[in-house]
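**Q** As a plain string of letters, each chain reads:
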Amino acid sequence: MTDLLREARRRVVVFDGAMGTSIQAHRPTEQTYGGKLGCNDYLNLVQPSMIQGIHEDFLRAGAEVLETNTFGGNLPKLREYGLGDRLEEVNVAAVELARAAIAAVGAPGPHWIAGSIGPTGLLPSLGQSDYATLRDCVAAQGRALAKGGVDLFLVETSQDLLEVKAAIAGLAVVNAQLPARLPVMISVSVQQGRMLLGTEMSALLSLIERLPVDAVGLNCSTGPIEMEDALRYLSSHTDLPVSCIPNAGIPENVDGRSFYGLTAQEMERTLRRYVEELGINFVGGCCGTTPQHIRLLRDGVDGLQPRRTVTRPAAGISSPFRRVSVRQDPPPLLIGERLNALGYGRTREAFAARDAAAIRAIAKKQVDSGAQLLDLTAAHNDLEELACVQFAVDALWRSDGGSVDASLQIDSTEPEVIAAALERFPGRAVVNSFNLEDEQKGRRILEVVRDHGALVVGLTIDSAGMALSAARKCEVTDRLVGLAKEYGVPVHDLIIDPLTFPLVTGDPAYADAGVQTLDAIRAIKATYPQINISLGISNCSFGLSNDLDRGKRVLNSLLLFHAVEAGLDAAIVDAKHILPITDIGREERQVTEDLLFARHPKALEAFLGHFADSTAEEGRVSEKLAAEDQLTATEAVHYAIVHRKEEVGTARRTLIQLLDDARQVVPPLDLINDVLISAMRTVGDQFGAGNIALPFVLESAKLMKVAVAHLEPLLERNASYTKGTVVLATVYGDVHDIGKNLVRTILVNNGYEVVDLGKQVPATVILEKAKELDADAIGLSALLVSTSQQMPLIAKLLQEQGLRYPLICGGAAINRRFVGRIGEGYAGGAHYAKDAFEGLAILDELVALSRGGDDDDHVATLHAEVGIGGSHSAPSSR
Amino acid sequence: MAAIPPLPRAEPPFWGTALIDPLPLEELLDLINQHDLLIGWWRAKPKNASAAEWERLRQGIYLPILDRLKQTHRTSGVLTPRGVHGYFLCRPRGESLEVFIPTPQEGSSIAPPQRTPDAVLSFPRGREGTSVADYFATDHPSGLQVLPLQAVTVGPGATIACDALMAADDYTEYLYLHGLAVELAEAAAEWTHRRVRTQLRLPTAVGKRYSWGYPSCPSTEEQRIVERLLQTSRIGLELTAGAAWLPEQSTAAVVTLHPQARYWNR
Numbered sequence: 027m028t029d030l031l032r033e034a035r036r037r038v039v040v041f042d043g044a045m046g047t048s049i050q051a052h053r054p055t056e057q058t059y060g061g062k063l064g065c066n067d068y069l070n071l072v073q074p075s076m077i078q079g080i081h082e083d084f085l086r087a088g089a090e091v092l093e094t095n096t097f098g099g100n101l102p103k104l105r106e107y108g109l110g111d112r113l114e115e116v117n118v119a120a121v122e123l124a125r126a127a128i129a130a131v132g133a134p135g136p137h138w139i140a141g142s143i144g145p146t147g148l149l150p151s152l153g154q155s156d157y158a159t160l161r162d163c164v165a166a167q168g169r170a171l172a173k174g175g176v177d178l179f180l181v182e183t184s185q186d187l188l189e190v191k192a193a194i195a196g197l198a199v200v201n202a203q204l205p206a207r208l209p210v211m212i213s214v215s216v217q218q219g220r221m222l223l224g225t226e227m228s229a230l231l232s233l234i235e236r237l238p239v240d241a242v243g244l245n246c247s248t249g250p251i252e253m254e255d256a257l258r259y260l261s262s263h264t265d266l267p268v269s270c271i272p273n274a275g276i277p278e279n280v281d282g283r284s285f286y287g288l289t290a291q292e293m294e295r296t297l298r299r300y301v302e303e304l305g306i307n308f309v310g311g312c313c314g315t316t317p318q319h320i321r322l323l324r325d326g327v328d329g330l331q332p333r334r335t336v337t338r339p340a341a342g343i344s345s346p347f348r349r350v351s352v353r354q355d356p357p358p359l360l361i362g363e364r365l366n367a368l369g370y371g372r373t374r375e376a377f378a379a380r381d382a383a384a385i386r387a388i389a390k391k392q393v394d395s396g397a398q399l400l401d402l403t404a405a406h407n408d409l410e411e412l413a414c415v416q417f418a419v420d421a422l423w424r425s426d427g428g429s430v431d432a433s434l435q436i437d438s439t440e441p442e443v444i445a446a447a448l449e450r451f452p453g454r455a456v457v458n459s460f461n462l463e464d465e466q467k468g469r470r471i472l473e474v475v476r477d478h479g480a481l482v483v484g485l486t487i488d489s490a491g492m493a494l495s496a497a498r499k500c501e502v503t504d505r506l507v508g509l510a511k512e513y514g515v516p517v518h519d520l521i522i523d524p525l526t527f528p529l530v531t532g533d534p535a536y537a538d539a540g541v542q543t544l545d546a547i548r549a550i551k552a553t554y555p556q557i558n559i560s561l562g563i564s565n566c567s568f569g570l571s572n573d574l575d576r577g578k579r580v581l582n583s584l585l586l587f588h589a590v591e592a593g594l595d596a597a598i599v600d601a602k603h604i605l606p607i608t609d610i611g612r613e614e615r616q617v618t619e620d621l622l623f624a625r626h627p628k629a630l631e632a633f634l635g636h637f638a639d640s641t642a643e644e645g646r647v648s649e650k651l652a653a654e655d656q657l658t659a660t661e662a663v664h665y666a667i668v669h670r671k672e673e674v675g676t677a678r679r680t681l682i683q684l685l686d687d688a689r690q691v692v693p694p695l696d697l698i699n700d701v702l703i704s705a706m707r708t709v710g711d712q713f714g715a716g717n718i719a720l721p722f723v724l725e726s727a728k729l730m731k732v733a734v735a736h737l738e739p740l741l742e743r744n745a746s747y748t749k750g751t752v753v754l755a756t757v758y759g760d761v762h763d764i765g766k767n768l769v770r771t772i773l774v775n776n777g778y779e780v781v782d783l784g785k786q787v788p789a790t791v792i793l794e795k796a797k798e799l800d801a802d803a804i805g806l807s808a809l810l811v812s813t814s815q816q817m818p819l820i821a822k823l824l825q826e827q828g829l830r831y832p833l834i835c836g837g838a839a840i841n842r843r844f845v846g847r848i849g850e851g852y853a854g855g856a857h858y859a860k861d862a863f864e865g866l867a868i869l870d871e872l873v874a875l876s877r878g879g880d881d882d883d884h885v886a887t888l889h890a891e892v893g894i895g896g897s898h899s900a901p902s903s904r
Numbered sequence: 076m077a078a079i080p081p082l083p084r085a086e087p088p089f090w091g092t093a094l095i096d097p098l099p100l101e102e103l104l105d106l107i108n109q110h111d112l113l114i115g116w117w118r119a120k121p122k123n124a125s126a127a128e129w130e131r132l133r134q135g136i137y138l139p140i141l142d143r144l145k146q147t148h149r150t151s152g153v154l155t156p157r158g159v160h161g162y163f164l165c166r167p168r169g170e171s172l173e174v175f176i177p178t179p180q181e182g183s184s185i186a187p188p189q190r191t192p193d194a195v196l197s198f199p200r201g202r203e204g205t206s207v208a209d210y211f212a213t214d215h216p217s218g219l220q221v222l223p224l225q226a227v228t229v230g231p232g233a234t235i236a237c238d239a240l241m242a243a244d245d246y247t248e249y250l251y252l253h254g255l256a257v258e259l260a261e262a263a264a265e266w267t268h269r270r271v272r273t274q275l276r277l278p279t280a281v282g283k284r285y286s287w288g289y290p291s292c293p294s295t296e297e298q299r300i301v302e303r304l305l306q307t308s309r310i311g312l313e314l315t316a317g318a319a320w321l322p323e324q325s326t327a328a329v330v331t332l333h334p335q336a337r338y339w340n341r
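Which chain is which? The protein sequence lines are E and B, in order. First residue of the first sequence? That's 27 in our numbering, and the numbers climb one at a time after it. First residue of the second sequence? That's 76 in our numbering, and the numbers climb one at a time after it.
Hints are not guaranteed to be accurate.
Said to hold, decoys possible - When the alpha-carbon atoms are kept at most 25 Å apart in a straight line, the in silico DSS-like pairs for lysine-lysine are as follows: (1) E:795 <-> E:749; (2) E:797 <-> E:822; (3) E:822 <-> E:860; (4) B:145 <-> E:860; (5) B:122 <-> E:62; (6) E:551 <-> E:511; (7) E:671 <-> B:120; (8) B:145 <-> B:120; (9) B:120 <-> E:390; (10) E:551 <-> E:628; (11) E:731 <-> E:749; (12) E:511 <-> E:467; (13) B:120 <-> E:731; (14) E:671 <-> B:122; (15) B:122 <-> E:391; (16) E:628 <-> E:749; (17) E:628 <-> E:671.
No lab work stands behind these hints, which were simulated from the structure alone.
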């Protein structure tokens with residue numbers, strides 16, 4: 027028998043078409059099914075000639091691989107029909123029928139028989155079943171198919187990564203008992219490029235990277251066109267042969283039956299393109315495909331050679347959704363350390379109380395601050411480790427709880443605990459860790475790592491203890507690499523932790539521990555460029571008292587910085603406690619690096635002295651703050667608004683505190699009018715002069731809003747700081763409201779009462795509101811040429827009703843001329859504002875004029891201004 | 076007006092429409108036009124800033140903000156870009172394109188003289204006398220050229236999140252997110268356009284993408300035809316009474332295949 031996998035790399039190989047659809051074409055009745063209506067697999071026993079005939083039709087059409095009629099031949103499905111005890115019989119018969127068909131047709135070969143293994147319908151990631159049960163189900167079916175004599179196993183239509191993982195494990199069990207291993211092909215079903223629970227193809231490839239899988243691909247769910255993105259990813263990221271076995275289009279429900287509309291020609295054209303462009307190795311048909319589809323397909327692709335360029339990424343882990351590279355750019359990969367029952371009391375409590383929500387909250391917080399891998403350990407005397415880990419993994423990664431988008435680093439010394447965690451995690455995880463202190467235990471851990479295709483951390487520890495010198499660390503690493511290799515774990519799946527020791531305890535044995543660790547990183551990387559290196563960073567500052575928090579952070583940050591320079595790939599660290607290197611002062615960096623690099627015997631003393639007396643350090647920063655201290659409270663309020671400061675001066679007085687001080691001297695109303703609004707005017711002037719840009723203005727406006735909100739309740743009754751009332755709207759038909767929103771922000775924070783009617787506002791609504799409030803002006807905004815036509819309409823309506831509210835118009839598609847024309851036909855006047863500040867200026871003038879009782883002249887005054895340009899542009903390509 | 080030479084007929088991988096749902100957010104974030112975002116939408120550059128001063132602001136303040144936003148919205152669920160594109164048949168008639176919807180059975184062997192067009196798109200001539208319709212001239216005996224259309228949206232989440240920021244008086248964050256969403260829609264259009272180029276085997280810079288509301292196709296009302304042909308409601312995209320796309324950060328375009336295609340201002 028020609029080797030199928032070798033053949034598929036040489037030329038494209040064609041699978042058969044739909045079994046289910048072909049059976050339905052016979053219009054089977056309950057009688058056809060031998061009383062087991064709907065159990066297609068039972069037909070192998072009760073209608074053998076029908077099934078053999080379907081195989082023969084596909085063979086004559088040119089199919090080279092026949093899928094056995096065993097899609098539902100698993101225990102849970104057969105049990106539904108009371109056929110649980112006939113599993114082996116059903117599966118063996120199916121293989122024999124395929125073989126008989128090949129003999130009967132006698133077409134030139136080679137031909138292969140793929141043992142079809144469909145899903146049980148129970149999703150382990152939703153807790154409907156579990157890994158062990160599914161693994162055993164697949165093993166039972168696989169054993170029967172192998173007994174029948176299949177040439178490969180085809181796990182198809184999988185939707186859940188954990189289900190895929192269990193199936194691979196089940197078939198590994200079967201293969202281990204066969205004289206020659208049979209190939210395993212995994213075919214998943216995607217919609218919109220993802221598996222049912224949101225899994226991307228990158229996660230699938232990552233999962234199977236180190237598992238015994240021989241081909242991968244897609245089937246069912248959609249037609250070929252919808253598969254393109256997922257297929258493109260697969261074909262460009264794996265060396266394995268790739269299959270594409272689509273439905274004849276997306277099924278449509280016609281008269282209660284599934285109808286597949288894609289013609290054989292269209293299917294052939296798309297699949298041929300995938301072979302030519304993406305280098306697909308296997309093609310075939312799933313639901314709705316007939317011998318006609320397969321005939322055209324075979325004719326179309328016969329002899330084509332699948333060629334493709336694969337970029338295989340470096341070692342990767344995965345969350346249930348996506349792959350994450352261990353090699354981050356920039357490094358390192360951040361490993362969250364807080365799901366640790368030993369180090370964190372709150373975590374221990376959450377584990378003890380089995381509080382899923384609390385566990386998820388701890389995880390999510392770490393993910394939010396950048397962790398992509400979560401170290402999890404429940405090894406604590408007060409806890410039952412196995413049960414806690416099982417609970418925590420379910421809480422974090424079972425989809426019915428709201429899966430966390432990070433991968434798992436299971437931190438335990440117990441192989442059983444590690445295995446239990448990996449069996450529940452639908453992704454590719456890291457095992458933390460093995461070492462050579464007790465080689466037998468190390469071997470047991472590596473067995474688990476191998477079976478689950480995980481990555482593993484190796485600690486540089488052996489029977490002589492923890493390796494302290496760089497030379498020892500390197501020597502132990504060599505042995506770790508050798509042992510891992512025995513279990514098929516290649517160096518790029520190994521993560522070496524060369525150990526960090528506390529640098530601040532004064533223990534002379536550890537004085538140069540930092541140097542040794544950094545040297546070891548460089549040396550290990552030089553020997554094994556593909557190996558990954560990880561460190562538990564905060565160990566270096568272990569023992570430092572909490573009032574030296576700054577020293578702790580600086581030391582951790584500098585060790586991380588230098589370790590990354592040396593080649594570190596991953597770090598167990600609390601990301602919150604790491605400072606950007608630019609935030610570390612020159613002097614503090616000097617004393618810390620002296621300690622880290624053991625540059626002189628008094629380095630620790632100098633380090634502790636510096637951080638104990640770090641007021642000097644803060645002094646430099648405080649020069650500016652001291653200047654701020656010279657300001658009076660009202661000046662400081664003005665200063666805070668103009669300079670966008672939430673805190674002012676050495677005492678870090680908040681805006682609210684400053685306001686409370688200032689109102690001892692100035693009444694709240696005057697504070698708003700004379701200090702706050704004047705500050706905003708300064709901001710507006712700076713903007714107008716071109717010294718600052720929009721984001722700074724909005725920052726000031728935000729503080730202004732906070733300040734006014736604080737003062738408003740303190741105003742005397744009837745006291746009002748409102749300069750006037752404006753009705754604002756984005757016109758009917760238009761949904762682009764950023765211009766209007768910015769205008770509102772500026773007007774509100776400059777003392778106007780703004781009634782914002784929102785977007786798509788009909789003209790009549792605007793008119794009614796203006797009348798109701800007797801507005802000082804109406805502001806209109808529109809982005810498009812088409813919707814800008816609402817503006818003259820509104821003016822016309824106002825004119826007809828004898829109303830005289832001034833209009834202020836803005837928007838990308840209009841200009842001064844356009845608004846000028848509107849004004850010609852409207853007695854209330856229409857003004858163009860190129861931006862929010864021009865709108866404010868117009869409004870100020872309008873209000874001043876109307877308060878002066880000089881209503882009739884303002885139009886002329888305002889029309890004197892000149893200017894050009896719209897203020898925003900359309901969100902679109904040209 | 077320079078004559079636009081006819082082209083051979085392009086061959087699309089399929090006829091009719093295909094959803095790209097979701098569009099790959101990660102790739103779109105990488106495609107975002109940083110300059111248009113910072114200068115055009117955030118309006119972050121002070122008018123008087125020197126080149127050096129702007130560089131300091133750009134690198135010190137705004138690029139880190141952009142990185143933060145991208146990081147947050149990779150997983151926030153606020154941005155859910157979706158797209159649809161399709162290949163139709165068209166025949167230029169003066170300033171118009173007669174559009175035919177190819178049925179799967181007919182495929183490219185459609186015989187238009189017996190059929191009335193399913194739609195007509197109009198493209199007024201610019202000052203130099205060119206119409207977008209001219210770019211679809213073909214020497215194929217049927218006179219029919221492939222007409223690629225596309226529509227993309229970043230989904231309704233951006234508007235909801237923007238409204239929430241505005242309601243919380245978080246004005247700057249509002250400005251930032253709004254701009255990001257608009258430029259993401261642009262990136263989505265560019266991504267989809269690249270997909271069309273790949274599928275039609277066109278070189279990178281050949282052909283242009285024309286959206287409605289600009290001088291070459293000024294009438295946004297024409298988008299009602301696109302809405303119908305691409306059945307944009309499948310990606311949650313529809314036109315308002317004023318012919319604006321809803322959700323706000325969305326854009327549609329006609330893609331030309333012609334190497335001479337260019338933009339003009341009036």
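**Q** Look at each hint and say if it fits the structure.
**A** How the hints compare with the structure:
| no. | hint | result |
| --- | --- | --- |
| 1 | E:795 <-> E:749 | 18 Å, holds |
| 2 | E:797 <-> E:822 | 16 Å, holds |
| 3 | E:822 <-> E:860 | 23 Å, holds |
| 4 | B:145 <-> E:860 | 31 Å, violated |
| 5 | B:122 <-> E:62 | 79 Å, violated |
| 6 | E:551 <-> E:511 | 17 Å, holds |
| 7 | E:671 <-> B:120 | 20 Å, holds |
| 8 | B:145 <-> B:120 | 20 Å, holds |
| 9 | B:120 <-> E:390 | 36 Å, violated |
| 10 | E:551 <-> E:628 | 32 Å, violated |
| 11 | E:731 <-> E:749 | 16 Å, holds |
| 12 | E:511 <-> E:467 | 16 Å, holds |
| 13 | B:120 <-> E:731 | 24 Å, holds |
| 14 | E:671 <-> B:122 | 23 Å, holds |
| 15 | B:122 <-> E:391 | 40 Å, violated |
| 16 | E:628 <-> E:749 | 67 Å, violated |
| 17 | E:628 <-> E:671 | 41 Å, violated |
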